[in-house]
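Going line by line, the protein sequences match chains A and B. Using this note's numbering, you'd call the opening residue of the first sequence number 29 and step up by one each time. Using this note's numbering, you'd call the opening residue of the second sequence number 230 and step up by one each time.
Be aware that one or more of the hints could be misleading.
[Unchecked claim] Below, computed lysine-lysine pairings styled on BS3-like, alpha-carbon distance capped at 30 Å: (1) B:Lys-361 <-> A:Lys-35; (2) A:Lys-79 <-> B:Lys-431; (3) A:Lys-83 <-> B:Lys-431; (4) B:Lys-601 <-> A:Lys-79; (5) A:Lys-282 <-> B:Lys-459; (6) B:Lys-444 <-> B:Lys-459; (7) A:Lys-297 <-> A:Lys-199; (8) B:Lys-431 <-> B:Lys-633; (9) B:Lys-606 <-> A:Lys-83; (10) A:Lys-150 <-> A:Lys-249; (11) A:Lys-75 <-> B:Lys-451.
[Unchecked claim] Covered stretches of chain B (in silico footprint by chain A; criterion: 3 or more residues with CB under 8 Å from a CB of chain A, positions within the stretch not fixed): (12) 390-403; (13) 525-531.
[What the hints assert, rightly or not] Some, not all, of what chain A presents toward chain B, calculated at C-beta under 8 Å: (14) Thr-77; (15) Glu-102; (16) Lys-228.
Hints are computed from structural coordinates only; laboratory data are not their basis. Each residue gets a CB set at the ideal place from its N, CA and C atoms; glycine is no exception.
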Amino acid sequence: MPSKPAKVIWLQGITCNGNTHSFLNDPSLGALLESIEFIHHPILPCKKTLKELVKKLPKSDILIFEGAYRADFERAGVKMETLLVTLASKTKHIIALGSCASFGGIFKEASPEHISGILFDKESESGPLQTLRKKVITLSGCPIHPKWLSFVLDMIVQGKKITLDEYRRPKELYGYLVHNGCLRNEYFEWKVDSDHFGTKEGCLYYAQGCQGPFTHGSCNKILWNEVSSKTRAGTPCVGCTEPSYPRTELFSTKTYMSIPAEMPLGIPKRSYLALAGAAKSFHIKRLEGKLIDDNA
Amino acid sequence: MITHELIERIEGEAVLDFRTDKSGTVQEADIRFVHFRGMEAILEGRNALDALVIAPRVCGICGHSHLIAAVRMIENVYIDAGFSLSISPKAHAIREITLECELIQNHIKWLYLVMLHESGKLLGEEANVSLKALYVTSQINQLSALFSGQWPHSSYAIPGGVTCDPTHIEVMQALKILSEVEQFVAKEVLGCPLEKFELHLKSDSHRALEGDFSKLLHQFEKLNLLNTGKSHGRFLVLADNGGSLDNGERSVADVALVSEDSSHTFAHGGKTHAKNALYRGAFYEGGPLARALISERQGISSLYQKYGDCAMTRLSARIDEMVTLIVHVRSLLTSLDLSQPSFTPPSSILSISGSGVGIVEAPRGSLIHRAKIEKGKIVEYSIITPTQWNLGNGTASNLGVAQKAMIGAESIAKASLIFRTFDVCSVCTTH
Ligand code: SF4
Ligand code: SF4
Chain A
29 MPSKPAKVIW LQGITCNGNT HSFLNDPSLG ALLESIEFIH HPILPCKKTL KELVKKLPKS
89 DILIFEGAYR ADFERAGVKM ETLLVTLASK TKHIIALGSC ASFGGIFKEA SPEHISGILF
149 DKESESGPLQ TLRKKVITLS GCPIHPKWLS FVLDMIVQGK KITLDEYRRP KELYGYLVHN
209 GCLRNEYFEW KVDSDHFGTK EGCLYYAQGC QGPFTHGSCN KILWNEVSSK TRAGTPCVGC
269 TEPSYPRTEL FSTKTYMSIP AEMPLGIPKR SYLALAGAAK SFHIKRLEGK LIDDNA
Chain B
230 MITHELIERI EGEAVLDFRT DKSGTVQEAD IRFVHFRGME AILEGRNALD ALVIAPRVCG
290 ICGHSHLIAA VRMIENVYID AGFSLSISPK AHAIREITLE CELIQNHIKW LYLVMLHESG
350 KLLGEEANVS LKALYVTSQI NQLSALFSGQ WPHSSYAIPG GVTCDPTHIE VMQALKILSE
410 VEQFVAKEVL GCPLEKFELH LKSDSHRALE GDFSKLLHQF EKLNLLNTGK SHGRFLVLAD
470 NGGSLDNGER SVADVALVSE DSSHTFAHGG KTHAKNALYR GAFYEGGPLA RALISERQGI
530 SSLYQKYGDC AMTRLSARID EMVTLIVHVR SLLTSLDLSQ PSFTPPSSIL SISGSGVGIV
590 EAPRGSLIHR AKIEKGKIVE YSIITPTQWN LGNGTASNLG VAQKAMIGAE SIAKASLIFR
650 TFDVCSVCTT H
């Protein structure tokens, strides 16, 4: 472990503060705070207030940027085109935190021509930090899972090699799909859909709009708040880690001849159809009844 | 003298424009919110159910309140359209539990991350990260996530109920977490058992307790602020068993008497994005103090009678609300009937046209979502956030709630601290 804590600046663009509050949920925050030191953070005690920060933009080891980017959006009276770009040029690592910072996210919708992520604008790599792309790590999610951030901070501090995907997301976190580890996998496998919301049984892919089979993220591996996830609570995955977020009609599945229009990632439609036909022909009593049944 | 003060660490930032006299006493204070995101426009044109995902992103600390406001609004559109809707008592109770958890964690964060920090700073104390407070708030959010899947930004409440289908295992886990939270609040925050706190407020002995809350009161005392921060004495609670109170005169609350005033915003040549929220055309205070007085909670009512709506009463109301909510969450958890349905499917949203209002008591006051829906699509959406009530900008003859409370403060720093007793949230205010 390096002797001096890494100097971190946490800067906000157009945001809801969701990533800030999600991060505060990490129960091992105390240990993390021994290896990093916040020069500036929007809520935690830190060395410099925002007002002090913008007076003389300091060097840092890691710059965390939360929220969407708009060139003329101001913090403490300084425009982002100056604030973000200068701080980014004076740091070693940049983390695009949350889907707004990663791809534009929800707030991009308000003004799509002017708002983007810091490196990506939806799928295209055309954000303001293009020339610094090598420094950028994308941590998409709306909000980010607190542990995804603390793992990556730890890995940076300890000099570990971080393998990235095409959107510069760490593969150790985004190599999985939300579908991996979901408790409803068996229902997916045998094509048993959930009749309606509010049950433990059935898969949400066929009618309720679940995007788990084509959304990257460890939500069902590293559980939320240590105990759950959207799909475990019966809520369809809304695809919040992908550049396409937010899509529309989030609580129903678009179908094409009663087959989900979007296939599980990497699965050709033809193969899916063949498999689904076979799976559906079995009527598996265990999966058609209640999981917990008084009369069993 | 005019000073522009940037207020940070409030969920975003605000600018206070102070006019002070020679001695530094505050004569005037204008509140400006400089950011705007356009949430309502983002919602318009979408499927109404998408609001359950988009609306929570108004605010990272009270997103759950926005979820519940949105779902209540959609349910009221169903009713407006002549459809019946059934929501089981279990689903109601679960929504209540997660909503109240959000208020509890908010109040603890406000005490430790904002108030103790800022008042300590004024007294020259060094600030540390309060890991114990963060740990306990992460536990409360975990309790919520047992039902809602995650905090922040869950979308588990939908028209007809909730998406989750908990077992006794989740309920028992929740009760265990709650016991830990109760212990923390008794030992660290209050310095007395939860059930004794109200008595202490009533007998005015709460300042003598030994907990972090009384530490805050002592700091306020040292700063000579306990008795300052008085405002209009007009209070409003719109959700649940709402009511309004105008210097002692009580009436039933009516959302039809709410209006918004944007005459001083950027759009009309002013200097802020925040619109004023008015009731009967006047500024009313919302939030924990209003809720305590309208529901006649004894401890706070007796403090109010003795001291009025000063900083001490306002601070105490937020802590007392946290205590009340913890007790209430326990009773909701222990009386959950898990055999009831979590969700009763309503007609398809695509067949629904009408208007609706959803009101929620959020951490900082009444939150209103209104929308017009045509065949399941949102054609109009409008949100009034809690902070718009307290942090409005009036004129010299008609001051906003926090504005009035700040006038007469001995210094800008003290006025800014009074401002924070309202639990400021910038992201919500200018959604
Ligand atoms: S990514 Fe989501 S949680 Fe993060 S700032 Fe944007 S809307 Fe909020
Ligand atoms: S609910 Fe979603 S994530 Fe879970 S198995 Fe079905 S498709 Fe996969």
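Okay, the hints, checked on the actual structure:
{"no.": "1", "hint": "B:Lys-361 <-> A:Lys-35", "in the structure": "23 Å, holds"}
{"no.": "2", "hint": "A:Lys-79 <-> B:Lys-431", "in the structure": "42 Å, violated"}
{"no.": "3", "hint": "A:Lys-83 <-> B:Lys-431", "in the structure": "49 Å, violated"}
{"no.": "4", "hint": "B:Lys-601 <-> A:Lys-79", "in the structure": "42 Å, violated"}
{"no.": "5", "hint": "A:Lys-282 <-> B:Lys-459", "in the structure": "56 Å, violated"}
{"no.": "6", "hint": "B:Lys-444 <-> B:Lys-459", "in the structure": "21 Å, holds"}
{"no.": "7", "hint": "A:Lys-297 <-> A:Lys-199", "in the structure": "26 Å, holds"}
{"no.": "8", "hint": "B:Lys-431 <-> B:Lys-633", "in the structure": "27 Å, holds"}
{"no.": "9", "hint": "B:Lys-606 <-> A:Lys-83", "in the structure": "47 Å, violated"}
{"no.": "10", "hint": "A:Lys-150 <-> A:Lys-249", "in the structure": "26 Å, holds"}
{"no.": "11", "hint": "A:Lys-75 <-> B:Lys-451", "in the structure": "26 Å, holds"}
{"no.": "12", "hint": "390-403", "in the structure": "holds (count 7)"}
{"no.": "13", "hint": "525-531", "in the structure": "violated (count 0)"}
{"no.": "14", "hint": "Thr-77", "in the structure": "6 Å, holds"}
{"no.": "15", "hint": "Glu-102", "in the structure": "7 Å, holds"}
{"no.": "16", "hint": "Lys-228", "in the structure": "5 Å, holds"}
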